[in-house]
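Please take these sequences and the hints and turn them into a complete structure.
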Amino acid sequence: MRKILTPQFFRRPTLTVAKDMLGKFLVRRIGKKEINLMITEVEAYDGPEDKASHASRGKTERNKIMFGDAGNWYIYFTYGMHWMLNVVVGSKGYPAAILIRETDKISGPARITKYLKIDKKFNAKPANKKTGLWIEDRPACAGRGVKIKPSMIKRNKRIGVAYAGKWADKPYRFTYVQQKS
DNA sequence: ACGATGATGAAC
DNA sequence: TTCATCATCGTA
4 MRKILTPQFF
14 RRPTLTVAKD
24 MLGKFLVRRI
34 GKKEINLMIT
44 EVEAYDGPED
54 KASHASRGKT
64 ERNKIMFGDA
74 GNWYIYFTYG
84 MHWMLNVVVG
94 SKGYPAAILI
104 RETDKISGPA
114 RITKYLKIDK
124 KFNAKPANKK
134 TGLWIEDRPA
144 CAGRGVKIKP
154 SMIKRNKRIG
164 VAYAGKWADK
174 PYRFTYVQQK
184 S
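Each residue of the first sequence is one higher than the one before, counting from 4 in our numbering.
Each hint can be trusted.
In silico DSS-like links for lysine-lysine, alpha-carbon gap of 30 angstroms or less:
| no. | residue 1 | residue 2 |
| --- | --- | --- |
| 1 | 108 | 173 |
| 2 | 120 | 157 |
| 3 | 128 | 6 |
| 4 | 54 | 173 |
In case anyone wonders, no lab produced these hints; they're calculated from the structure.
Shown next as structure tokens:
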């Protein structure tokens, strides 16, 4: 029982979507092969005022996808060598996105895109089966699926945004922490 | 602690 | 057209 997340999942308040993405599965199909990674850490980039967000200086050629429909991929190149994977969230016209920063098998946003062979060809494409890259919800009984409780979610400052003034201190990084038994 | 490495956006 | 910057990572 697997449910592919649709635009309406992403068309909600940024921080709500960020929290709800923990425990969901990022799925990449390459040929006949399917790679599944459970999302364990994300960062929210929320609105035109967020100085850590690409959208803080208005709409540009690169960030225009953030201003568009929820449920599309926003993929950009940074540090001369890395691709970052984000999904656009919130209402149309309101620039917001969630960066997928860590999964159960692969840690680090650039490592994830390298592992899944993701680059600019996915930018502005919808997250669905047709594009070969999407996000699924799964029940706790199916394989690695888990039920995320609020006590399992840690909130911290975002990484690599120290330049962003007071926005650098916002607890917009959400991490799923496994409970010790 | 630092260099790799190139697109992006803002200034000129 | 130039230039500083950058939502990172591997090696030291």
